[in-house]
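Colleague: Each chain is listed here by its residues.
4 protein chains.
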Amino acid sequence: MPYEIPAIVQDRVSPRAREYLKKIDHFVETECIPADSIYEAQISQDPTLRWKSYPPIIDDLKSKARSQGLWNLFLSKTHYSQGAGFTNLEYGLMAEILGRSHVASESMNCSAPDTGNMEVLAKYGNEAQKREWLEPLLEGKIRSAFLMTERYRASSDAKNIDMKMRVEGDSLVLNGTKWWSSGACDPRCAVYITMCKSENNISTDAFKQQSVVIVPANTPGVTVLRPLHVYGYDDAPHGHAEVRFINVRVPKSNLVLGEGRGFEIIQGRLGPGRIHHCMRSIGAAERALDYMIARVNDPNRRTFGKLISEHGTIRTWIAESRIAIDSCRLLVLNAADKIDRVDAKAALREIAMAKIVVPRTVVDIIDKVVQAHGAGGVCQDFPVARMWAGQRTLRIADGPDEVHLAQMGRNENKRAEEIMKRHAAQEKKREEMYRLWKIEGRSVL
Amino acid sequence: MPYEIPAIVQDRVSPRAREYLKKIDHFVETECIPADSIYEAQISQDPTLRWKSYPPIIDDLKSKARSQGLWNLFLSKTHYSQGAGFTNLEYGLMAEILGRSHVASESMNCSAPDTGNMEVLAKYGNEAQKREWLEPLLEGKIRSAFLMTERYRASSDAKNIDMKMRVEGDSLVLNGTKWWSSGACDPRCAVYITMCKSENNISTDAFKQQSVVIVPANTPGVTVLRPLHVYGYDDAPHGHAEVRFINVRVPKSNLVLGEGRGFEIIQGRLGPGRIHHCMRSIGAAERALDYMIARVNDPNRRTFGKLISEHGTIRTWIAESRIAIDSCRLLVLNAADKIDRVDAKAALREIAMAKIVVPRTVVDIIDKVVQAHGAGGVCQDFPVARMWAGQRTLRIADGPDEVHLAQMGRNENKRAEEIMKRHAAQEKKREEMYRLWKIEGRSVL
Amino acid sequence: MPYEIPAIVQDRVSPRAREYLKKIDHFVETECIPADSIYEAQISQDPTLRWKSYPPIIDDLKSKARSQGLWNLFLSKTHYSQGAGFTNLEYGLMAEILGRSHVASESMNCSAPDTGNMEVLAKYGNEAQKREWLEPLLEGKIRSAFLMTERYRASSDAKNIDMKMRVEGDSLVLNGTKWWSSGACDPRCAVYITMCKSENNISTDAFKQQSVVIVPANTPGVTVLRPLHVYGYDDAPHGHAEVRFINVRVPKSNLVLGEGRGFEIIQGRLGPGRIHHCMRSIGAAERALDYMIARVNDPNRRTFGKLISEHGTIRTWIAESRIAIDSCRLLVLNAADKIDRVDAKAALREIAMAKIVVPRTVVDIIDKVVQAHGAGGVCQDFPVARMWAGQRTLRIADGPDEVHLAQMGRNENKRAEEIMKRHAAQEKKREEMYRLWKIEGRSVL
Amino acid sequence: MPYEIPAIVQDRVSPRAREYLKKIDHFVETECIPADSIYEAQISQDPTLRWKSYPPIIDDLKSKARSQGLWNLFLSKTHYSQGAGFTNLEYGLMAEILGRSHVASESMNCSAPDTGNMEVLAKYGNEAQKREWLEPLLEGKIRSAFLMTERYRASSDAKNIDMKMRVEGDSLVLNGTKWWSSGACDPRCAVYITMCKSENNISTDAFKQQSVVIVPANTPGVTVLRPLHVYGYDDAPHGHAEVRFINVRVPKSNLVLGEGRGFEIIQGRLGPGRIHHCMRSIGAAERALDYMIARVNDPNRRTFGKLISEHGTIRTWIAESRIAIDSCRLLVLNAADKIDRVDAKAALREIAMAKIVVPRTVVDIIDKVVQAHGAGGVCQDFPVARMWAGQRTLRIADGPDEVHLAQMGRNENKRAEEIMKRHAAQEKKREEMYRLWKIEGRSVL
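Residue numbers (this note's numbering), protein chains in the order written: chain A, 626 to 1070; chain B, 626 to 1070; chain C, 626 to 1070; chain D, 626 to 1070.
Derived from the structure by calculation, the hints contain no laboratory data. Just so we're clear, the structure is a prediction, and the values are computed from it rather than from any experiment. Just so it is clear, CB atoms sit at the ideal spot from N, CA and C, and this is done for glycine as well. Be aware that one or more of the hints could be misleading.
[Claimed, not checked] Sample of chain A residues with no beta-carbon within 12 Å of chain B, all distances over it, derived:
#, residue
1, K677
2, I683
3, P761
[Unchecked claim] Stretch-level coverage of chain C by chain B, calculated; a stretch enters the list once three of its residues show a Cβ under 8 Å from a Cβ in chain B:
#, segment
4, 632-646
5, 931-940
6, 956-963
7, 1033-1042
8, 1047-1054
Using the sequences plus the hints, can you model the full thing?
Modeller: Put into structure tokens, the structure is as follows:
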């Protein structure tokens, strides 16, 4: 592996996890990374076919991975029985390796949004829901989408969501439009986990008016309007869809957990998912850094008589990238470990830190990698421009950095009372000491 | 206009230029910006047609603009007779307005690389070359490309370029591959201004081995290999081409200025072109800032009970963007003014400053604008993601920032000798003063 | 001069100002900079004498400067009759040169807070006040202090100030405590320009409750409590005082302009003063950059086989410092020019920009200069640590950056309505164009 | 404690260490922090006495601390027998708490440079040297200095040091000048650990020409020339000395380890010392953050109708400071843990990361804390300006950041060969896949 397990977590990684890490590293480096280009090439350029097929190589990779036991690694043993038996910390280390390749996560049935959706179903679904949807997802037979964000609402404040749901007899009737429904463009996408708001006032508590509903993709009234682009990339075949619901009717039994319990569910969904995203981002940053180092040592690319790597600015970039990556990794692993030791709720602050700091750091690193490649960096000849775009969205997904920072600032600021009390006690002691030591003059801190 | 002419240049803008600024502002705001979406929609999505046509609306805009005299504004009166009679500073202010819209520059026949190519032909071309190529370019009847950068060479050090040229009788024979030949994918592109290196040693001076050759686009042996993407954008119909030359034969009379004079020509080409790019970037930043302000004041996008514009972080972004834009503008106008007062060579430092600082500043501003739009910002629903990608390339085009910074550092560092001499004189005077005032103890600075 | 007048303001600098710039540059480089060390050495280290004397060399410098006509250069010809007859822009260029030396401003009777106080008296004082205080200040016979900020109030919001003033017959009675009264520790300081708040409600308008009062330094009831330090420096003999007023009684005729007109006065005081500060900061940055360049080219300081100046990181620092300084200068000169063309009120935005951006930029540059000097940089052997500390306070003086940024953000945000209107018009035009060109599909921006 | 032990190291902290952490926290919060002001007030302002005494309160604190077993906590159990029996990681957590107070480290006999000097003597000293110098240091009866850096040499490259040593019979004769000898101004300082260079060529290996010599402070020929300032602070009574050696003669038995082994010794000295410094810096940052939070919630300091803590910019500062501190802590603890698991040499990269990133991060945080205090922040009324100055020197001590970054960049860049090999293997596999899947067109990454 290009990196070693950080000293500080050595004791937290089981021998079995180490063995898997080795296998995953080998599979990603020798199978997935080379396959990335094939996958890309197998996506149809014909606009009429682009969203109706998917690259056949992925089935090949899935079957190879599964045969090696590299499958459903993400469901942590601390909270689920259906997974491969690793802790969040251990899977975090694995997710980092997956993050190096575009196709690796899907190859091992560990890709978003399926992972989060499987967690929702495993944790909150009833037996029928599990049988119908969780099982084929765990088998990798279908894919899914998570429908949350909406175009015309500032949905970083989730209370603003506006997809309407009303109960009519044994049915639920849904109306509204979602966007950034990642995966909903994929022809294999069979089910949407959908966040709705009750049309009728079911609670005065703003956090108890939302529900999570399972909507089969082929339900009448559902229209995938268009794929959204990310800096020019459409991310086919997965895609990011705008999806319209007009009088979409599903059985009431498709409610997860119960009406009004949507917030409870999505909050439970967020913790480990953020760890996965962050660790994959770190893997992307490692791969990008590899590209930078390879590029600046290319003997054909001397400028002003030197290898590019001999220029001080580049050296500094490399060093700062190394520090930033290692620092991010510790931050995320610490959050993962806290989830393992307690749970996601207890690790709220640690997860938020990772969510804030990792994407912005990784975006900065990859931007430098792009720059080190010159014009090559921004185009299709290297994966770095695309990696940048993918990472850039993570500064927005699940709410922009700034919202999380503001919230973390508010929480940290709650220490004010305790601090002031402590300062006051110290001031009192200080005054005593002034008297004891017979020092005159006014006391300042 | 959304901005006023900065105080400091009020006296440098003629009444005629002010009148034109008003007309250009009106044309851009009322014709070009609305047309941007039409232009985009008129580009074919069919990969077999995408590079064989161009949006018809552009001809409409060109004819409207020309009828108002908004044509060829860029050729400065201080150095050319063929232009509209403005100084570089005045055109700089105009270019800023053009930069707000994707189609504005082309509408007024002021778009790169044609502008730089026209400057080359006007300044260095002979009468035959002017007649054949400059005239149809000035008329907007054809378009052109500038073939400089190469894929396998670190061409930010222009001495590295490797397109081979040899003289065979009355012909020149060219072999090699260029890339990032912007505009070469356009069906209207009729001519390439091409930088080559003599196959034979014509000089031991590393700066006298290059030549500029005029190559008609349809010359046998020329192949446009593929369009390069900028992040996910292909910038059709203009595009950025990789172009292969195999035994491409043109008459020797297609040499501009003479063999070995390539460096002289491209250096003359760079100054005003950088001013134009920078001012357009500033216009892009202004438009992006408009979008940010509009977005954060959208009454439907309240978060946590407030308009987004009421959050302190956003306020700071707006203020810092305003300062950064105004500061960049002064830097570029100062460079333009120095070109007008003396010439581009004298303004080398000022131009380099603008070239370094404007793109990185504008990229940062637009990135914040993207962030302020949330998920909307990265997709096709607002022009800001695409603007970001376009500006991002300017940190690389004509050599990455870091190369320019290193060079500027080297030049500034040449002051060392003068400074040391001055410091030594001060030290001597200081010692005298110590004696005069009878102060003991050793003198430190 | 180590710098040339920027191209863009060449026409705004009169031949007489150019001549003065040359004389000032010569005086500062050959007299003031060497004298800085003598001045420092002549300050008493004995705590009982430290605040009772001042370095004799300053009188020498003042007399030399005055004999060359280098005196009271700051009072702009556009708004005052008592000055040397230069515009704000011209004096700005001069102030930059003054900023290179610790003693230069005082040598030419151009040092704060006297300059601002003289402006207040010249602009708002009556004849008696001018005779008594303005004349000796213009003569350099006395010095003065400006008493505004208070320790226990967030006085960046000036409405918070709490020094109480009440009218008793023909007297004013003042009570309260001021701090950061720069210059009030100096034995030559004879008068305080003091901002007070009326004890009685004289207006419901929060901006009309303050008054400016002239308080002779020796008035009974005034106590200079202590000097405040700036990062360990006490800035003797000038100093920054905490000053207590207990029933300080002055004649009512010491009111400037009238009761309740304090805001009006201090706002008039701020504009040109901020220009002066900013330009001096730029001069400090230039001198610091000189030190950096001298240091990194010291042949005795090779590391790892190279001059420090040959390391890429240092080159980048030098280049970025050059750009930042030149950029700041243009920003300040543009503000000065707008004051000259109209007045300080019209230039509010331009002045605010300079106030925000110059100190933070200069602080960053000098910090790099410190770093380039290694351990030498933080100690007394070079002036750079002290320069840093001095500049650092300017990010706080007259209100912290963040307050100014927030205010500028609020003002800029007022453009929202105009922008939205413009966008709506463009949207309407866009819809027309869609129809005209027969393009289907929904219109997005 | 205001912070919890990070999840990730929970298992690495013994119950005994937890108990000590609690005791140390209590002692620092209730004794040391209040004592900081007393200590400051007990330093003489009289320049003739300032360096001849030290604040009596420190002896009081030392005796209190020792009576609770809080003594010599720093000597790690993994590598020394004389210490309190903690790992580097455990002591790291303790050092963080010490870092909150100016006097805490000395109170517990854990202050630099004594700690590093004791490590040198314990690790490399012979029995006689230990008896004479290590024992009284462990007892806290004397203090010591470490003489390394020199004024006229770029000593961040330690090969440049120039203090001359020659062997004359049984004596060593030393000549030269050292500076930044922290602690050498203290009247209790009894011994200097001194880095010298052999006058005679003893080796052609540039790393084997240096020796470490024990020099009693009162040896004839030694002169403490002057205290150096850090910004305006002289850090009395400890101080940072310039020390001159003229023919200073000590017995040859004062050589540590042997002639030419200086590099070996100082490299062994650096690892844990950097961990201590970094963790103390983190403690300083925590205390500074406490001050910020207290200040911005002060109900008397409302601006524009709000508590300062309600402004978005401040909230962001608080959140970003929290993240940065927690992130730094993990980085340092990871390095400490690696020292514990292997040794300092194995942890070279991890230590270097901490050394680079912690001081610059902490300096930035404290600068924001200063800013949040307005004018109060820069002066003596809060400890934050002084804390800033102290931390700022750590970006220079033991070599400036930039040198460490360059070195780390060079090391990281050594991965180039491995990466290129891996990329080549991937490229080969990719080509195979292209063939297998029958995809035409050239392969790009």
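Colleague: Provide an ascending list of the numbers of those earlier hints which the structure does not satisfy.
Modeller: none
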